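Peer 1: Each chain is listed here by its residues.
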Amino acid sequence: MGLGVDVDLATVWAFIIAFAVFVYVVMDGFDLGLGMLFPLFPKKADRDVMMNSVAPVWDGNETWLVLGGGGLFAAFPLAYAVLMPALYTPMIIMLLGLVFRGVAFEFRWRTQRERNRWDIAFAGGSLLATFAQGVALGAMLQGVHVEGRAYAGGWWDWLTPFSILTGLALVTGYSLLGATWLVMKTEGELRDEAYRLSWWLLIAMLIAIGAVSIATPFLNFEYAQRWFAWPNVLATAPVPIAVAGVTVLLLRALANRQDYRPFFLSLTLFALAYAGLGISMWPYIVPRSITIWQAAAPENSQIFMLVGVAILVPIILIYTAWAYWVFRGKVNAESGYH
Amino acid sequence: MFENFDAVVLARAQFAFTMSFHIIFPAFSIGLASYLAVLEALWLWTKREVYINLFNYWLKIFAIAFGMGVVSGIVMSYQFGTNWSAFSDKTGPVLGPLMAYEVLTAFFLEAGFLGVMLFGLERVGHKLHFVATLMVAIGTLISAFWILSANSWMQTPAGYAINADGQFVATDWLKLIFNPSFPYRLVHMVLAAYLTTALVVGAVGAFHLMRDSHKSGPRVMFSMAMWMATIVAPLQIFAGDQHGINTLEHQPAKVMAMEGHYQSHPEGAPLILFGLPDQDAAVVRYALQIPKLSSLILKHALDAPLAGLDTVPRENWPPVPVTFWSFRIMVGIGFLMLGLGLFSLWTRWRGTLFSSRLLHGYALVMGPAGFVAVLAGWVTTETGRQPFTVFGLLRTTDSVSPLAAPAVGSSLIAFIIVYFAVFIAGAVYILRLMKQPPHHGEQGPRGDTPARAAGITPAPAAIASRRFN
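For the protein sequence lines, the chains are A and X, in the order given.
First residue of the first sequence? That's 1 in my numbering, and the numbers climb one at a time after it.
First residue of the second sequence? That's 1 in my numbering, and the numbers climb one at a time after it.
Worth flagging that the hints you see were computed from the coordinates, not collected in a lab.
A portion of the hints provided could be inaccurate.
When the alpha-carbon atoms are kept at most 25 Å apart in a straight line, the in silico DMTMM-like pairs for lysine to aspartate or glutamate are as follows [as the list claims (entries may be wrong)]: (1) K44(A) to E147(A); (2) K44(A) to D157(A); (3) K175(X) to E299(A); (4) K175(X) to D165(X); (5) K292(X) to D310(X); (6) K44(A) to E222(A); (7) K435(X) to E114(A); (8) K330(A) to E122(X); (9) K43(A) to D259(A).
Fair warning: this is a prediction, and the values are worked out from it, not measured in the lab.
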């Protein structure tokens, strides 16, 4: 099985969904990560700054998750119908986690007495949502039991050492994004602390990437073939090499305290890990059960939406970029953004 | 736990619960976003301070309500897959694109401009900020467009075929989107959202007028809200009537359930005002009814024959008691709204709009009535189309996920606990904000502590002073 990609509608849509999910990871990853780091910053002023650094954009960030889910429902309804029951528990936990952290953005400012409660909700919700996303990813990679056009496994099938590992990996990964975001957006002691955390989180993330990379090929023979068999290895080898290169750059950026670089280099690490994931999964949308062609919605549905995506996504990206631009620069306790 | 429960019933309970909680927030934020856009436009146009005070006052409340709407809405976008996967597989090709368009044209628009709307007044300038507010308001309406189109398609499917895998596929997207019940449902729901918001704004205005009838903020908001009720309540009753006639044409069984007509009436059907529908015996007990009025309303002729549920196979009956009662609650509240609008018009003419305690008490009591009416209306239309998810084509029992009852039951319990904990807190914070009257120099969502005024204004008088410069 090679890596040849013929461009057809289903392939285009697979890349669109992958793009939406990746944009989600890029955008919501750091704001979930920042939530998980809340307990490490006990001072109220620090927490105010942390939260205000994402308050204007978090809602837009999470909309990409809705696009990923909605896009899957629309373009690959069979995959959506099989995966959601298969990943039932992690999905519900993720949604409940997002409820807690989402409301905390406003509730926190509306009460003095209960502020601590919403800080816990913000941190706990972020952690739950992240861990559940990682678990769902692992559960999907290890494969689900499908019969006919439906999920046929139990409601605890998702829980394995591998899915726990991917859950923890995502927690460390998002935390790194959160820490490097803070490096970029804050000043003073808060930034110093974020730098310190970034070191440890980078090491943790590298260990996590390594562990998941080693474990994945052992899940099944096809994953191993995909990565290590000749000539596939020519195409796959650059991924780990690039990870090593980016890591060196990231370490240097942290050492030289270049505020903006660590965040973008961390995102690059994510992109590489994500590419690796794509290499493992292709062309399945439900690993080893359903390919993107089997799950694809009828052509006219995919074409109808493709028109919308082609016109609207560039516009969305433009006004999203504008919103980030409006709230650019460092945030501090005295004057909010400046 | 839950081993003896029916997974279908639990899945329906979960959808009803999460959906009912969710709809409260968009019903409010659709109207409130438009109201905020109007307030900001009035401020930019007249430069009167009272409008920016009201804008910032309601913006804080909007921020909380919108946040709750977003998080409960993300849940909804995954509920189809988690609990209704068979439905998702079959309807994905037609409903998926409608929802994808909702995300692309509405959710991103709202979310993209929300940050600027909430925190960006002094960062982007007043005109650009108004554009952001407008985009959020338009986004809420576009969202209503798509989701009501999707819901309407499930009620009155059109423009589709069924493929070899048993999936619905589109044959004509325009017919599918503008399916027969969609225009009626859209108008009815958007008007409902505007009325709901007007009643909330009116109640808050009334509350503060009862304490002090001279403050400009409460006077302006109360007067605006009462104009809205006066104008929109009669329109809504007319729209509802038209929607009902459309339903009679496409989903007659639903109207039979709403009317409590188990039996056919070949010579003019009575309007049953109240009664206790008995589904097993197929009769309405203790019925208080007006002869022939139902035929007059639905067919515009006293003696027009109306078929009853006895013409529908029993396995296709919707649950009459719930549909019957929820419909009466909605209609009853609708007429109370009409009464409020007319009463306010009378006091306005008499010059007692800001002093009539009776009117203020009435408006205060009506504050939450819009939410009740919206919920009752949705219960009517959703139970009335049972036992189908796609009316006449896909049964609810054939739509659920292959999940064991304990899985669905546990998640239902989790949603109930979390939603009550979180949304009651949100309601308390909103009520707390409403308890304060709008002040001179009112500030936006992050303006309450000067230390972290993220852009709105650092000091209470800043907006006012800046404006008068």
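Peer 1: Tell me, in ascending order, the numbers of any earlier hints that this structure violates.
Peer 2: Hints 1, 2 and 6 not satisfied by this model.
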